[in-house]
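There are 2 protein chains.
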Amino acid sequence: MYKELPLISLQRMPVYLNYLKGMPATEKFVSSGHIAEALGLGEVLVRKDLAFTAAVGRPRVGYVREELISAIEEFLCYNGKRHAVIVGYGAVGKAILDYGGFGYYGIEIVAAFDSDSEKLGVSQSGKPIYDINEAKSQIERLGAKLAIICVPAKYAQPVADLLVESGVKAILSFAPTTLKTPEGVEVRQIDVAANLAILSSSIK
Amino acid sequence: MYKELPLISLQRMPVYLNYLKGMPATEKFVSSGHIAEALGLGEVLVRKDLAFTAAVGRPRVGYVREELISAIEEFLCYNGKRHAVIVGYGAVGKAILDYGGFGYYGIEIVAAFDSDSEKLGVSQSGKPIYDINEAKSQIERLGAKLAIICVPAKYAQPVADLLVESGVKAILSFAPTTLKTPEGVEVRQIDVAANLAILSSSIK
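Protein chains in written order, with the numbering used here: chain A, 1 to 204; chain B, 1001 to 1204.
A couple of the hints might just be wrong.
In silico contact screen, one side only, chain B against chain A (beta carbon under 8 Å); selected entries [unchecked claim]:
hint, residue
1, P1014
2, V1092
3, K1145
4, K1169
5, L1172
6, T1177
7, K1180
8, R1188
9, I1190
10, D1191
11, V1192
12, A1193
13, N1195
14, S1201
15, I1203
Think of the hints as simulated: they come from the structure by calculation, not from any bench.
Note that beta-carbon positions come from the ideal geometry of N, C-alpha and C, so glycine has one too.
For reference, chain A alone in the conformation it holds in the complex (with noise of 0.2 Å):
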């Protein structure tokens, strides 16, 4: 999926969604040069993006809002819902475990995994966080292909093996550590310190 889509491109379908979805329901029409405006983008770079989807602007009206929203929906969840599990029920854990906003990308997280029995059983939103023992199975099971990892970076290594051996093919993790995958396992790595550190580092 998303075969040609550059990715930053990806990025901006929900932001597309999200203002789209946010105007008056009495404006019927909108144009690429508007949402541009609105968004600060350029209009080319709109009118790019959402010609990856099946919207087609009519010309001087542009899109009907509607069907643009429709079409953008459809095609973030063309390929049906992906199953995604996190490892690791702390406080990043659970604040993923329980966010809504991964439909728009067609991904629903469907369950978390920890070794603190303690920490076993349903989240707030309904969703099972099973122990870690059960983690190849249940992920075989669900199908997952997607995982985050949520573990202190001293466990995201063995968290990331045991992944990878049940058959996970993508992982994103939140640990500040360097993790090794074998070929074919992407990952890609949320460092919030980082990027706070980044921004502190802009200030004069």
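Starting from the known structure of chain A, arrange chain B on it as the hints suggest.
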């Protein structure tokens, strides 16, 4: 601070720190080649990064490990601790307020703000959660120029405006929406869902 330092080098500093601190205590020396190999980086790149610190490598043996650790730590905290505040004490705000990893970069999260009176008080690690109405006075008092927005997307822009009014110069936002700020106020967005979507799109 970090005037000439590329952002990506800054981002690697804590990775080096983590690696160096994790080495067996018996390893007195460490070479840039060794670090490069362990972290899957180029040796020239590692040497260039470390040259931003005050550490001096010795021919053949490399750096004294403890000296290099101190040099990186000193480098990151060169200008003393910077204060940062959080707005929105939901699951994400909570996770960040009590996360200890910012110290690596010379940043201290000193307070959070929320509009829900039931959330006000003191966090697990002893940090204050103030009423959002106190934000301007407290941010000025604390001298915080850095802020992290952890509120839902629809509240993010008014919160950003309030932060700018309070003297904040750089904002890290977890809200999946584009923020407008005046010139001189830097914004970075961490979009967890978009990152996961990008990974998802990499799965064959």
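>> Tell me the numbers of any earlier hints that the structure contravenes, in ascending order.
In response: Structure breaks no hint.
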